[in-house]
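Visitor: Spelled out, the chains give:
Protein chains: 2
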Amino acid sequence: MTEFHSVTAETGLPEGDAIPGNSLSDVQAACAAADEAFDSYRATDDESRAAFLEKIAEEILALGDELIVTAMRESGLPRARLEGERGRTVGQLRLFANVVRLGQWKSIRIDPAQPDRQPLPRPDLRLRMIPLGPVAVFGASNFPLAFSTAGGDTASALAAGCPVIVKAHTAHLRTGLLIASAITKAVEACGLPKGVFAHLIGPGNELGSALVQDPRIAAVGFTGSRSGGIALMKLAQARPVPIPVYAEMSSINPVVIMPEALKARGEALGAAFIGSLTMGAGQFCTNPGLLLAIEGDGIDAFATAATAALETAEAQTMLTTGICSAYNKGTDALAGNAAVTTLARGKEGNGTTKGQAALFQTTAAAFLADEALGAEVFGASSLIIRCKDEAELRAVLNGLEGQLTATIHMDEGDTALAQRLLPLLERKVGRILANGWPTGVEVSHTMVHGGPFPATSDSRTTSVGSLAIDRFLRPVSYQNIAPAILPADLRDGGGKAPRMIDGVLHTN
Amino acid sequence: MTEFHSVTAETGLPEGDAIPGNSLSDVQAACAAADEAFDSYRATDDESRAAFLEKIAEEILALGDELIVTAMRESGLPRARLEGERGRTVGQLRLFANVVRLGQWKSIRIDPAQPDRQPLPRPDLRLRMIPLGPVAVFGASNFPLAFSTAGGDTASALAAGCPVIVKAHTAHLRTGLLIASAITKAVEACGLPKGVFAHLIGPGNELGSALVQDPRIAAVGFTGSRSGGIALMKLAQARPVPIPVYAEMSSINPVVIMPEALKARGEALGAAFIGSLTMGAGQFCTNPGLLLAIEGDGIDAFATAATAALETAEAQTMLTTGICSAYNKGTDALAGNAAVTTLARGKEGNGTTKGQAALFQTTAAAFLADEALGAEVFGASSLIIRCKDEAELRAVLNGLEGQLTATIHMDEGDTALAQRLLPLLERKVGRILANGWPTGVEVSHTMVHGGPFPATSDSRTTSVGSLAIDRFLRPVSYQNIAPAILPADLRDGGGKAPRMIDGVLHTN
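Heads up: the protein sequence lines correspond to chains L and Z, in order.
For the first sequence, the positions run 1 to 508 when the working numbering is used.
For the second sequence, the positions run 509 to 1016 when the working numbering is used.
The shape of chain L in the complex, shown without the other chains:
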């Protein structure tokens, strides 16, 4: 059996006892248990399922400071950030508990029989959503709590009624094991079948591939690199029965500073931009990697302020040595590109995992001429693109791949331009925000953390927020099914979920 070690982010070195990995027969056993647990888990009533999600939250909090200290060591992220992330993780589980109770996700629809309809009677028809089946979850390194073992994918899949099998992220094995123990305790405390949750440790390619290819797996949630996500998409499509893959992969999150905003507060925006860029060593999916502005008043003040702010940015420990070296490779490529000016580098750090912030500048013409300039550099690196005019700005935005977010900074005098840009931005991204920075992702009913490929593998969904539950559901129609065997929610007067009756939506 392969062994693994927890790695300390700051040193890149292994720490503590070896952690036994799982074998491919463990994958099969986990899939068999998940498949067996599926029918009884999906049959749980709303309150029991909601209570289970809340119990997971409670057990995560009960892990106490050991969780925070372990995650700090493994991820290099600071205490405040991880405490906040724990709050977000727990809040997310509680949000989904409420989503389960509210019941809109069931999409209950009833068309009562019309026995006298001409030329043919209408049968009694009722529709509800049911869960897809066991879900494989691949967590992200950059959110060891909120996007990993008990992260959004796990929470939304469990909320939908799907058992979950997590492929542990090797960048935070001990953190993952702690969280897995909390989930397992909740499964036991709620009297659910053991197969509702499993946590597997192994080399990503081999174990992860076996998991995605197992016929009992019905869907995949993934957050990570583009190459990783695309590999999973291909595996899932090549199965005898293809399954959906929800991969959240890569985004450079363009930020447009519009002329009037630039004129009015270029300097302040420059400093605020660097604040968003360097937060968490820039290791956010929504990090502002591209900044666009039209030449004009305020653009120099903006660049000067951004440069000054970036120069004082401390080097920060990155999540893994691999991520740090990929970051260095990315910034080296930009620095070495003849069409790119290095405006500033942050402070240098010691050791092999410190990320040194970077700010580059180029022209729209140069950006349009070189595809490589649009590649994601995961970390605190951003590229300012100076555009001659609106046409160049549009050309750059139009040429971008799908993104998670687009940001506009605008004043009232920019309204007409913003209005012209909005349809273009809608076609490119999952979230459009004004006068803020993309790095804060609210966990809410209204969040879309998604977007056209390659931001994600499936623009029809989100991986953050309550709408994420829809990813793991499919509709089933029941025709003339006697009340005695009809699912309780579908009976007349059954349950308190909203229901569409004869095309009219009723909230109870």
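Simulated from the structure, these hints should not be mistaken for laboratory data.
Since the model is a prediction, treat every value here as computed from it, not as a measurement.
Please note that the accuracy of each hint is not assured.
With a straight-line Cα cutoff of 20 Å, these simulated EDC-like cross-link-like pairs (lysine to aspartate or glutamate) come out [unchecked claim]:
1. L:Lys428 with Z:Asp547
2. L:Lys428 with Z:Asp543
3. Z:Lys771 with Z:Glu898
4. L:Lys496 with Z:Asp1010
5. Z:Lys896 with Z:Asp1010
6. L:Lys263 with L:Glu295
7. L:Lys263 with L:Asp370
8. Z:Lys1004 with L:Glu58
9. Z:Lys771 with Z:Asp805
10. L:Lys234 with L:Glu260
11. Z:Lys837 with Z:Glu879
12. L:Lys347 with L:Glu392
13. Z:Lys936 with L:Asp35
14. Z:Lys693 with Z:Glu562
15. Z:Lys936 with L:Glu36
16. L:Lys388 with L:Glu260
17. L:Lys428 with Z:Glu879
18. L:Lys388 with L:Asp370
19. Z:Lys1004 with Z:Glu555
20. Z:Lys936 with L:Asp39
21. L:Lys329 with L:Asp370
22. L:Lys354 with L:Asp389
23. Z:Lys936 with L:Glu295
24. L:Lys354 with L:Glu311
25. Z:Lys936 with Z:Glu898
26. L:Lys329 with L:Glu371
Following the hints, put chain Z in place on chain L, whose structure we already have.
Guide: Relative to the frame of chain L, chain Z by itself:
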């Protein structure tokens, strides 16, 4: 340029003048026009878009009897069926007009700002669905009106705000051209950009592949064979930007006659079964191709009645010579299988396109031992499977691929058995019906004409009924966007669509 001919189903021979085909540059031009039309078409208000759908319905009716006569000649289907199908097609367009007006499809959600929230303020966040982009539609031969040029895929995509490019079905070219002319008239009458709709004629593989591979196409709707659907799925996944394919492909629609129902009315069920099986020469996606019963009282009466009914079934003209020869190959394979008994054949017909009904019988053990017995035979052929006991019945159902429908015939005494089977059936199909036959597909808010692969490529959707609009939508989130540029529906008090505010659903 390749030329095509309308083919008369009864003779399999070409009729009338040559019809010019489209070239690959026509495909590009249609995609360019659709892409250009997209933003203005998706910006139409609900009432205009609904009126457009209703105008298409009106123009289809204005085609008068020429449409029916043409479709009769090309499909071999009888007048009453095609008049009914025209009603269904028109009704479907009107249903989607109402769906557009009701606005639930927009999934409007609003979380107002909470500037004083601790530790961080909550931004103003609003969510709506927007259309994916231009959609390529591949119609079916078996519903030349309701599943073709202006069929469900076209109606739901147009309702969602997506321009549509139809790849004409070569089995009913003149019918398709008539319908296309009706849609084009409606586009003009409503003052919409020309690119909202296009109709292309060409060899399926070459023209269809070019269409699916065009970067401007955002989704594909398909109804047809398994091989055709899978080919489109592969093409769509291999694109630089993969896109969703909604392929409705194959289903053998198991029907289970439960013991008490069998005992009480085996004979009547046998005759009714053959009525459903032979309707429209059995050329329905939901044709009952598999009938399961447990050995016991009534099973012989059932089989005897079914046999007698089938023997008197007239041969019927099939849609194309290709479909007829595939049908004959399928029935020959069953007839030649040593484990299968031929219970009856319908009357023989004259000519090359007459389908002769067929009823076969085998045991559960034989069915489980030979995968070939589960293959779809498109046409009026069905296989009765006699099961020793409930365990065998479950084993057969459990071994089936994904299906569009499952049917149970039951009496009160069968309730416990039905209850035990329901979870199994839910995992296999998109629609479960009791004491009826699967061949009637209601176009309603509650219909699921879908199901796990290979019944469809995407079990999360339906291709019939109002829920079909969701296939062509994706969510976009708007954060702190000023009312002046916010889409009208998302403004406070904007529009009359239902909206979720702070997690609470409001119907207006």
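Visitor: Indicate, hint by hint, whether the structure satisfies it.
Guide: Going through the hints against the structure:
Among the hinted pairs, L:Lys428 with Z:Asp547 is consistent with the structure: their alpha-carbon atoms are about 13 Å apart, no more than 20 Å. Pair hint L:Lys428 plus Z:Asp543 holds up; C-alpha atoms about 14 Å apart against a cutoff of 20 Å. Using a Cα cut-off of 20 Å, the hinted pair Z:Lys771 and Z:Glu898 holds, with the two alpha carbons roughly 16 Å apart. For the given pair, L:Lys496 sits about 18 Å from Z:Asp1010 by alpha-carbon distance, which is consistent with the 20 Å threshold.
Simply put, Z:Lys896 and Z:Asp1010 have alpha-carbon atoms about 56 Å apart, too far for the 20 Å limit, and the pair is violated. Annotation: proposed proximity of L:Lys263 to L:Glu295 holds, straight-line Cα distance about 11 Å (limit 20 Å). As the CA atoms of L:Lys263 and L:Asp370 are separated by approximately 29 Å, the hinted pair breaks the 20 Å bound. About 40 Å separates the Cα atoms of Z:Lys1004 and L:Glu58, which puts this hinted pair outside 20 Å; it is violated.
Between Z:Lys771 and Z:Asp805, the direct Cα distance comes to roughly 5 Å. Compliance with the 20 Å bound is thereby established for this hinted pair. For the proposed pair L:Lys234 and L:Glu260, the alpha carbon gap of about 46 Å is over 20 Å, so the pair is violated. Restraint check for Z:Lys837 and Z:Glu879: the C-alpha separation of about 16 Å stays at or below 20 Å, so the hint holds. With a C-alpha separation of about 33 Å, the suggested pairing of L:Lys347 with L:Glu392 is violated against the 20 Å cut-off.
Taken as a hint, the Z:Lys936 and L:Asp35 pair is honoured in the structure, with Cα atoms around 14 Å apart against an allowance of 20 Å. For the given pair, Z:Lys693 sits about 12 Å from Z:Glu562 by alpha-carbon distance, which is consistent with the 20 Å threshold. For the hint pairing Z:Lys936 with L:Glu36, the CA-to-CA distance comes to about 15 Å; that is within 20 Å, so the pair holds. Between L:Lys388 and L:Glu260, the direct Cα distance comes to roughly 15 Å. Compliance with the 20 Å bound is thereby established for this hinted pair.
Under the criterion of a C-alpha separation no larger than 20 Å, the hint pairing L:Lys428 with Z:Glu879 is inconsistent with the structure, at around 45 Å. Between the alpha carbons of L:Lys388 and L:Asp370 the distance comes to roughly 17 Å, so the proposed pair stays at or under 20 Å and holds. A distance of roughly 12 Å separates the Cα atoms of Z:Lys1004 and Z:Glu555; the hinted pair therefore holds under the 20 Å criterion. About 13 Å separates the Cα atoms of Z:Lys936 and L:Asp39, which keeps this hinted pair within 20 Å; it holds.
Among the hinted pairs, L:Lys329 with L:Asp370 is consistent with the structure: their alpha-carbon atoms are about 17 Å apart, no more than 20 Å. Simply put, L:Lys354 and L:Asp389 have alpha-carbon atoms about 38 Å apart, too far for the 20 Å limit, and the pair is violated. For the given pair, Z:Lys936 sits about 59 Å from L:Glu295 by alpha-carbon distance, which is inconsistent with the 20 Å threshold. Of the pairs offered as hints, the one joining L:Lys354 and L:Glu311 holds, with about 15 Å between alpha carbons and a cut-off of 20 Å not exceeded.
A C-alpha spacing of about 17 Å is found between Z:Lys936 and Z:Glu898, which places the hinted pair at or below 20 Å, so the restraint holds. Straight-line distance between C-alpha atoms of L:Lys329 and L:Glu371 comes to about 16 Å, which keeps the hinted pair within the 20 Å bound.
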